[in-house]
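Novice: Now for the letters of each chain:
Number of protein chains: 2
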Amino acid sequence: MLRYLFNPKSIAVIGASREPEKLGHIALRNIVLSGFKGKVYPVNQAARRILNLKCYPSVRNIPGNIDMAMFSIPAQYVLAALKDAVSKRVKAGIIITAGFKETGPQGAAMEKEIQAVAKKHKISLIGPNCVGLISTSASMNATFSITPKIPRQGEITFFSQSGALAMGILDWTIKEQIGLSKLISLGNKIDVDEIKLLKHLENDSQTKVILGYLEGIEHGIEFMKIARRVSRKKPIIMVKGGTTKAGARAVSSHTGSLAGRDAAYQAAFRQSGIIRVNTLPELFDVAKAFIKTKLLKGPNIGIVTNSGGPAILATDVLEKSPVLELAPFGNKTIETLRRNLPPGVGIYNPVDLIADADKARYTFAINTVLKDPKVDGVLVIYTPATSELTPDELARTIIELAGKSAKPIFAVFMGGEFASAGFKVFSEAHFPYYQMPEQAIFAFEAAMRYHNIRQQPVRPVIKRFNAHANSIAGKIINTAIINGHSQLGAETALKICASYGIKVPQNLIARTANEAVRMAKQIGFPVVMKIVSPDIIHKSDVNGVRLNVSDAEDVKVVFDEIIITAQSRAPSAHIEGVSIQKMVAGGKEVIIGMARDRQFGPLLMFGLGGIYVETLKDVSFRVLPLSEPEALSMIKEIKGYPILSGVRGEARADIEAIKETILRLAELVTDFPQISELDINPFKVFENNHGGLALDARLSLKGTDWL
Amino acid sequence: MLRYLFNPKSIAVIGASREPEKLGHIALRNIVLSGFKGKVYPVNQAARRILNLKCYPSVRNIPGNIDMAMFSIPAQYVLAALKDAVSKRVKAGIIITAGFKETGPQGAAMEKEIQAVAKKHKISLIGPNCVGLISTSASMNATFSITPKIPRQGEITFFSQSGALAMGILDWTIKEQIGLSKLISLGNKIDVDEIKLLKHLENDSQTKVILGYLEGIEHGIEFMKIARRVSRKKPIIMVKGGTTKAGARAVSSHTGSLAGRDAAYQAAFRQSGIIRVNTLPELFDVAKAFIKTKLLKGPNIGIVTNSGGPAILATDVLEKSPVLELAPFGNKTIETLRRNLPPGVGIYNPVDLIADADKARYTFAINTVLKDPKVDGVLVIYTPATSELTPDELARTIIELAGKSAKPIFAVFMGGEFASAGFKVFSEAHFPYYQMPEQAIFAFEAAMRYHNIRQQPVRPVIKRFNAHANSIAGKIINTAIINGHSQLGAETALKICASYGIKVPQNLIARTANEAVRMAKQIGFPVVMKIVSPDIIHKSDVNGVRLNVSDAEDVKVVFDEIIITAQSRAPSAHIEGVSIQKMVAGGKEVIIGMARDRQFGPLLMFGLGGIYVETLKDVSFRVLPLSEPEALSMIKEIKGYPILSGVRGEARADIEAIKETILRLAELVTDFPQISELDINPFKVFENNHGGLALDARLSLKGTDWL
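These protein sequence lines map, in sequence, to chains S and D.
Each residue of the first sequence is one higher than the one before, starting from 1 at the first, in our numbering.
Each residue of the second sequence is one higher than the one before, starting from 1 at the first, in our numbering.
Among these hints, one or two may not hold up.
It does not matter which identical chain is used: a pair holds within one copy or between any two.
Claimed, not checked - Below, simulated EDC-like cross-link-like pairs (lysine to aspartate or glutamate); rule was C-alpha separation at most 16 angstroms, straight line:
| hint | residue 1 | residue 2 |
| --- | --- | --- |
| 1 | K22 | E388 |
| 2 | K22 | D356 |
| 3 | K149 | E417 |
| 4 | K639 | E614 |
Worth flagging that the hints you see were computed from the coordinates, not collected in a lab.
Use the sequences and the hints to build the structure in full.
Specialist: The following block contains the structure:
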């Protein structure tokens with residue numbers, strides 16, 4: 001019952017204190033002084049009145065109903081107090097007390113007990129080890145923040161895994177006049193975590209934009225599922241803290257070593273429609289853009305300005321954006337501007353109305369640009385250059401024009417002191433305005449990303465090849481596990497891949513020279529010949545690999561050479577024969593891999609093969625479920641994609657074959673959670689319509705996840 | 001005499017107006033109301049008094065001396081008014097009037113005349129077509145800004161090529177309480193441009209940090225020379241506007257097509273010690289860090305915080321920085337912190353003093369961290385979490401500790417409303433503080449870059465090979481120019497390169513099969529054989545190239561084949577013979593190129609060769625003069641550098657050979673300004689100490705520059 005956390009009619013403060021520096025006092029003071037209109041009951045066994053409110057020795061002694069209880073008592077007493085609250089039918093609680101999981105096993109055990117009680121009695125709990133929450137619609141500061149002030153009411157909800165960071169943001173939003181709906185410090189997430197919170201906010205009419213600061217997620221797959229649904233209704237914008245600290249990990253694959261700790265989060269956020277930003281100021285710059293504006297429906301931005309320099313800066317950022325375009329104006333727009341604006345005005349995009357622009361000129365230009373069907377959104381830039389136009393007058397004009405338009409308008413008022421009359425008008429109207437051009441373009445970029453997110457289906461359509469009907473992979477994997485083999489080499493790994501429909505070179509094993517010749521003829525010359533022995537791991541040690549064997553005579557000679565050399569250099573080895581494979585010429589090498597993430601499951605990787613994979617780290621990642629369009633976007637995302645799509649007259653590689661291989665690999669690792677890492681490296685991809693071949697592979701069965 | 005612009009004792013406002021909306025009125029009003037203490041004389045032929053000041057019909061009628069004149073009269077009258085000013089011995093002037101160069105040839109001609117007068121009489125002129133300047137030490141607002149307010153006095157000087165942007169920044173600095181020394185709008189730069197300004201600011205005791213917004217530079221090489229000198233004394237931080245707009249250019253080299261318009265600026269800024277940032281907020285975030293702090297002398301940053309989340313965000317940004325490190329504390333530091341701080345406190349870097357940290361705990365931790373020889377700078381983070389410590393008290397403490405320390409301290413106070421008591425203390429002391437952790441790390445990064453800049457010599461030592469004593473290149477180039485050849489192919493281009501000591505494969509031309517065999521034996525097998533004919537441009541059209549010819553017998557056969565095929569397919573061609581070259585095996589391909597920039601001269605490029613050059617754009621650029629360390633840094637800068645330095649057990653390539661080739665190319669293009677573009681592609685580089693070979697080259701002689 002999360003709504004009782006945000007809009008309770010009555011609150012009991014368990015552990016309310018008379019001493020002003022104690023959290024139990026501050027929490028009570030904040031609820032009272034922030035303007036909370038409901039009933040507040042301090043619970044204190046010794047005191048009779050605190051802050052002029054009657055005290056009760058226990059929550060059970062309170063006469064009326066209690067919707068929500070705040071716990072500010074030592075950790076060891078919380079369980080008993082919660083049981084009291086249960087008997088009083090309290091519906092929600094905030095445990096600000098620390099000293100639980102974060103202190104060790106004993107604290108964790110206490111948490112477990114509290115969790116069980118809350119679950120049984122369906123009490124929604126925030127914390128423990130949190131600073132509480134703020135709900136502006138209830139005029140309620142239920143935190144131990146240093147002052148009881150709360151931000152003005154708005155439609156942004158911010159939640160944070162760091163309590164201190166939430167306090168910093170709280171103080172900042174008050175000063176910056178940013179409207180908030182809710183601010184929540186999640187703490188140890190005993191009950192309410194980011195998943196439950198997203199579910200609640202999905203239908204919360206007071207929340208239009210969801211912002212979050214996260215350091216870690218426990219249930220990645222569930223989180224993605226909810227986020228994917230909620231993000232289609234409301235923008236979710238997040239900062240992820242702790243992105244670079246690389247933990248010590250034992251990984252044996254390229255995929256694992258290239259992934260780092262952040263790749264899975266990056267992929268999961270992207271695939272579930274979360275807009276990720278890197279810094280806290282960006283979080284709020286972007287949030288503003290979703291409050292009182294129309295949604296951006298296309299990439300083309302028109303700019304109307306009274307000053308060149310700021311428009312140049314905006315254009316610089318815009319042209320670097322991968323999702324935005326400087327709108328190409330239609331001829332009609334250009335002609336209309338030319339006919340109606342004074343000479344000297346810039347009539348192309350950006351429209352430069354020059355320093356003496358007045359209200360009429362701005363209005364005419366904005367309306368003309370808005371009407372252009374090639375324009376999806378408009379950025380209005382104003383610099384306080386002359387007194388023709390005051391910033392507040394222009395701000396009101398922009399708000400009015402935006403109200404009548406189906407397209408979004410953002411404003412940049414460059415300045416501070418004089419421009420602040422304009423900021424005030426915008427701020428009161430919750431209208432998106434910025435002080436610097438770069439911020440506005442960044443917000444437009446987020447708006448465009450959000451448009452793209454809304455175009456994607458909530459449930460990705462997953463192509464199933466139903467390869468699991470084939471039991472080869474299962475048999476090989478079970479045998480390996482029984483035999484304690486955790487690393488499978490090329491031959492076995494490729495066999496498993498092949499059983500899932502991934503193309504591998506035909507591989508025949510000849511026991512005699514004549515058989516080798518027959519097989520080579522069957523496969524077609526030239527061929528590759530390799531020694532086959534379970535006892536010879538490094539084939540090159542026994543000179544056991546020959547490339548490019550080109551005719552029957554050579555096959556015969558090479559067969560004997562390989563066998564004789566192996567017998568002399570590894571006399572005790574059991575030799576099964578010599579493998580005959582088609583010599584693969586041409587094509588381009590790519591890597592397709594998987595490493596399993598503890599939170600998000602299989603993390604797939606794609607990149608160009610060879611030395612470039614490691615050096616340039618030009619790879620892309622996705623988590624599951626992986627739709628066909630996502631698999632394709634994964635291929636197109638790498639910087640080296642033109643090398644595959646055909647650059648300088650080279651032939652286009654068979655992108656479809658790569659895509660299918662990625663999807664089949666996804667199916668394989670979904671069916672077999674025992675596979676912890678898998679690299680197909682190289683996967684040789686040929687010209688369009690000529691498919692590709694997995695030439696080498698490694699597979700790890702660790703039993704445990706790699707991250 | 002630039003000092004008369006910034007600290008005049010008397011000002012004449014030529015074109016002062018009674019009408020409040022006219023620029024000539026606003027300019028006068030601003031000078032008077034901003035608190036200028038010197039004498040102000042309005043010049044107006046009709047009026048008797050304006051703003052209670054006596055008017056004069058001409059500057060010549062003014063009784064006293066005039067240091068500086070402001071011109072706010074129509075463009076066509078400026079020259080005559082300037083001549084009047086000359087006769088009055090005015091020493092400096094600001095022409096705010098527009099209608100000059102920017103309007104066409106007539107305006108440009110007027111500018112030239114004004115320029116000549118100013119030069120002859122040594123008058124320093126700002127403008128025309130500018131908004132003027134502000135000098136806080138003179139309490140003077142000599143602009144037509146919308147209000148006469150000026151920022152508080154400080155040590156930052158900001159100049160701008162965009163007047164509107166200067167006005168926006170002016171208004172912003174007033175609101176944000178940022179201290180400025182000067183703010184200058186450069187306008188059309190008739191006299192004072194960025195070069196003269198830098199020269200003046202170099203010795204201006206009121207300027208400690210120089211900020212600039214530039215869109216274009218006219219005299220790039222002179223600018224670099226001055227900037228290189230000034231940047232060793234004072235940080236120069238710049239935003240360059242207009243970075244992405246790609247002009248239509250006719251380029252024929254890879255270097256030219258990869259360079260874009262921004263590469264030369266990027267290289268020039270870097271090589272002359274200018275810290276380039278991308279946005280205006282960053283400009284001032286960085287500037288703050290150089291005012292009242294010690295210079296950072298190493299990369300290792302210690303963090304002291306009372307809250308985890310913000311420290312994590314700071315660490316994230318820090319670890320991504322290419323120049324900073326999270327300081328590894330010495331054992332002594334860790335032990336001292338452990339012994340003296342309460343349990344639960346984080347004693348490693350970042351030191352987390354947790355929420356109840358008071359003044360004593362902060363002081364102890366900061367002092368301990370400062371003492372660690374492995375720490376070069378300290379970031380103090382504070383979140384208003386509890387009431388143990390007020391922000392103003394901590395701010396005063398930090399300022400005091402910083403005053404006693406030889407290492408810089410920056411502060412992040414996360415918050416706004418409550419934290420503002422701390423901001424106030426910092427702001428009054430001009431102490432570097434930030435509201436978000438990312439900003440502070442960004443400032444530390446700039447501080448570290450500045451440290452590195454100061455380590456570099458002002459005059460780069462240029463290695464001269466004195467190849468110009470050899471006249472081969474000159475002869476070939478002159479002949480080509482006389483014959484009207486602007487594109488030189490591989491053979492000629494390589495000959496020119498070779499004359500400058502760049503290694504090329506030995507290339508002998510055989511006229512008979514026997515001669516071919518002799519030459520091949522001399523060069524060593526295998527060889528490459530190619531048809532040589534001035535009439536056959538595409539050798540492959542006549543099947544005129546054979547690789548890997550491996551013995552004498554083959555050479556004979558191939559020679560005849562090549563000649564016969566050429567004779568039959570191109571019967572009218574004059575065939576000179578067949579060239580014999582060593583077949584080059586192994587090694588790695590790189591590209592070394594040059595394209596000439598109009599402002600900055602030769603722009604050198606280095607990158608990995610082949611398809612990756614174009615696709616991944618993994619290339620680096622430098623302008624001249626190019627020192628040996630800069631040439632080396634150019635090689636190391638590309639992302640693919642590990643491919644050359646040896647990755648996964650591969651041999652290290654001969655980096656020295658690449659470096660020398662770059663330096664020799666630099667000498668060649670310095671000696672021959674006729675060369676507009678030159679690509680050596682590929683340059684084949686072998687294992688360490690095995691040198692490299694220029695295998696192919698293209699050279700353009702355009703006569704004109706390429707950009």
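Novice: Does the structure break any of the earlier hints, and which numbers would those be?
Specialist: none
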